[in-house]
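Hey, can you work out the whole structure from these sequences and the hints?
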Amino acid sequence: MEVVGQLQKQYVDFITSLFREAYLDDQYVQLQKLQDDSNPEFVVEVVSIFFEDSEKLLNDLASSLLVSISLFWVFILCLRPSLLLMVVLFFLLFLFQLYSQQQVVDFKKVDGYVHQFKGSSSSVGAQRVKNACVTLRNFCEEKNLDGCSRYLNLVKQEFYLVKNKLETLLRMEQQILQAGGTVPLLEQVPLLWKQ
Amino acid sequence: MAKGGVSLETKFHVLAVDDSIVDRKLIERLLKTSSYQVTVVESGVKALEFLGLLDDKNGSIDSTSHSATQNHHQVQVNLVITDYSMPGITGYDLLRKIKESTSLKNIPVVIMSSEDLPSRINSCLEKGAEEFFLKPVQQSDVNKLRPHLLRGKA
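As they're listed, the protein sequences go chains A and B.
Per the UniProt record's numbering, residue 1 is the first one in the first sequence, and the count goes up by one each step.
Per the UniProt record's numbering, residue 1 is the first one in the second sequence, and the count goes up by one each step.
Careful, some of the hints might be misleading.
Stated by the list, open to error - Computed from the model, here is a short list of chain A residues facing chain B with C-beta under 8 Å:
no.	residue
1	D37
2	N39
3	E45
4	I49
5	S120
6	S122
7	V124
Quick caveat, the hints were computed from the structure, so don't treat them as lab data.
Owing to the predicted nature of the structure, the values given are computational and were not obtained by experimental measurement.
Just so it is clear, CB atoms sit at the ideal spot from N, CA and C, and this is done for glycine as well.
Structure below.
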């Protein structure tokens with residue numbers, strides 16, 4: 001049983017640090033409360049669905065911000081210009097994009113994806129991802145393509161970070177269960193860390 | 001409307017509507033912990049289909065349909081809980097169609113939304129929504145459904 005005690009302590013320390021660093025918020029605890037003997041895999045199931053859905057959303061987001069560039073290039077390459085003409089066209093395209101990006105990207109579509117991502121991350125308690133999505137949405141509203149691209153990278157980063165943390169957390173839970181113990185439930189996220 | 005020999009154990013049947021796969025999983029679990037029978041669909045159109053409010057012949061919404069579509073769908077739904085922002089038919093549209101339907105207007109409807117907008121809340125409540133829940137929906141929110149369900153059975 002000493003093994004179980006040690007595993008449980010490590011688990012509590014780890015999950016406490018995740019709350020403190022805002023990777024997770026109280027919603028994660030709510031998910032744990034919904035898990036019981038009749039639904040022993042609930043958290044793993046929800047988190048897995050979240051991972052899968054998020055990868056899709058991130059792909060959709062990345063491609064919806066890229067489409068402006070690729071379409072123009074397809075068009076130019078179809079003209080089969082000489083090398084000199086291609087250089088000139090490239091330069092003009094570069095200038096054109098610089099000044100008209102706002103009209104080319106469908107910010108409403110991007111905003112739609114971010115809204116979805118904000119919702120799903122909020123539903124699993126992935127606080128940092130959710131907050132990054134909120135900022136990303138502001139850039140979308142301002143039609144700020146540069147801001148959007150930068151923040152999309154941040155959102156992606158935060159997602160992969162929390163994915164990593166959650167995988168570790170769930171693995172620790174498994175270890176406790178396999179050692180014959182029960183997973184300690186943090187009844188309440190300390191007020192200090194609540195938003 | 002109830003057939004003879006209905007078991008005393010008959011659970012309330014809740015129809016949940018949400019386009020988010022994560023939220024569908026969550027609301028289904030929340031409702032099941034309250035021992036409700038749950039049907040979850042991913043869109044307003046699927047919800048209308050399930051409720052028998054879609055005219056089978058040409059897919060248009062027929063809110064005053066009588067026996068034809070009613071016999072086709074004998075499902076008894078005691079409450080509808082729907083997300084507000086959905087592509088296609090929004091939760092608000094769904095609310096409106098249910099309240100304008102002669103056969104289904106007494107079914108309590110609850111709206112869920114991630115946006116805390118007073119104007120949105122007010123327009124939903126004015127249209128006849130019983131409750132407006134802010135996402136992520138909590139167990140304490142789901143506990144508020146029971147009085148509306150019990151009132152329906154009275």
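Outcome of the hint check:
1. D37: With a minimum Cβ separation of about 12 Å from chain B (threshold 8 Å), the hint on D37/A is violated.
2. N39: 7 Å, holds
3. E45: Holds, about 7 Å.
4. I49: 6 Å, holds
5. S120: Interface hint status for S120/A: holds (4 Å vs cutoff 8 Å).
6. S122: Hint holds; S122/A Cβ to chain B Cβ min 6 Å, cut 8 Å.
7. V124: 7 Å, holds
Of the numbered hints listed earlier, the single one contradicted by the structure is hint 1.
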